Amino acid sequence: GQNIDQPTEMTATEGAIVQINCTYQTSGFNGLFWYQQHAGEAPTFLSYNVLDGLEEKGRFSSFLSRSKGYSYLLLKELQMKDSASYLCAVRFRINAGNNRKLIWGLGTSLAVNP
Amino acid sequence: GAVVSQHPSRVICKSGTSVKIECRSLDFQATTMFWYRQFPKQSLMLMATSNEGSKATYEQGVEKDKFLINHASLTLSTLTVTSAHPEDSSFYICSARDGTSGGSRDTQYFGPGTRLTVL
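If you're matching them up, the sequences are chains A and B in order.
According to our numbering, the first sequence is numbered sequentially starting from 1.
According to our numbering, the second sequence is numbered sequentially starting from 1001.
Any given hint might turn out to be false.
For lysine-lysine, the following DSS-like pairs were computed, each having C-alpha atoms within a straight-line distance of at most 25 angstroms [said to hold, decoys possible]:
1) A:Lys101 to B:Lys1041
2) A:Lys81 to A:Lys101
3) B:Lys1055 to A:Lys101
4) B:Lys1064 to A:Lys101
5) B:Lys1041 to B:Lys1055
6) A:Lys101 to B:Lys1066
7) B:Lys1020 to B:Lys1064
8) A:Lys81 to B:Lys1041
9) B:Lys1014 to B:Lys1055
Just some of the chain A residues that point at chain B, by a computed CB distance under 7 angstroms [as the list claims (entries may be wrong)]:
10) Ala42
11) Pro43
12) Phe63
13) Phe92
14) Leu106
15) Gly107
Calculated directly from the structure, the hints in this document are not laboratory data.
Quantities reported herein were computed from a predicted structural model and do not represent experimental measurements.
Just so it is clear, CB atoms sit at the ideal spot from N, CA and C, and this is done for glycine as well.
Model the full structure from these sequences, guided by the hints.
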């Protein structure tokens, strides 16, 4: 079956670096997304990986290893406003056609302390 | 970036009434929109996939007669919660897939969500 695992909670200090891991088991892998969700708000798109390696976008970077079924989101120079839930989502093909589906992790709640 | 609006942002209604939620893609055409439900401290649960001009595809366990979805145009999808009950109280979020971003990305962009409270 399809499965995503990520830590439930993490705590970090303002100005530091934090790495949020995501492991997945799926067939027909077709891309991995990271979203940020503040309490009471909808998720906002952060990054997309479909090939192995690191994608950097400002203070946020995302890494993917397809052979290991592993990704991480790296947040640098943490700010208080980065306190949020970070959702890992994996897209996979459900058949030989172009039909794809997205499954979501439960999210990692990150608390940034001063 | 792609913008998705959702209306209303918050609704409180009496048990037994129906509530309609609108989802619009403002600066792109979305052939596919998704409706999610999220309970407190839980992950997103996909309810249905809405395709423009065709019937929605519902996830297992989601009653299509209770959650009516209409995707009448490339920029608008609506979700109607019929005969709402207190257990339907939740955060409903729509997303639209921007197929124009090119390649295989097809990123989903989310609306701001609708918090439904059924008394």
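Checklist entry - When the hints from earlier in the document are held up against this structure, which numbers fail? => result 2, 5, 9, 12 and 13
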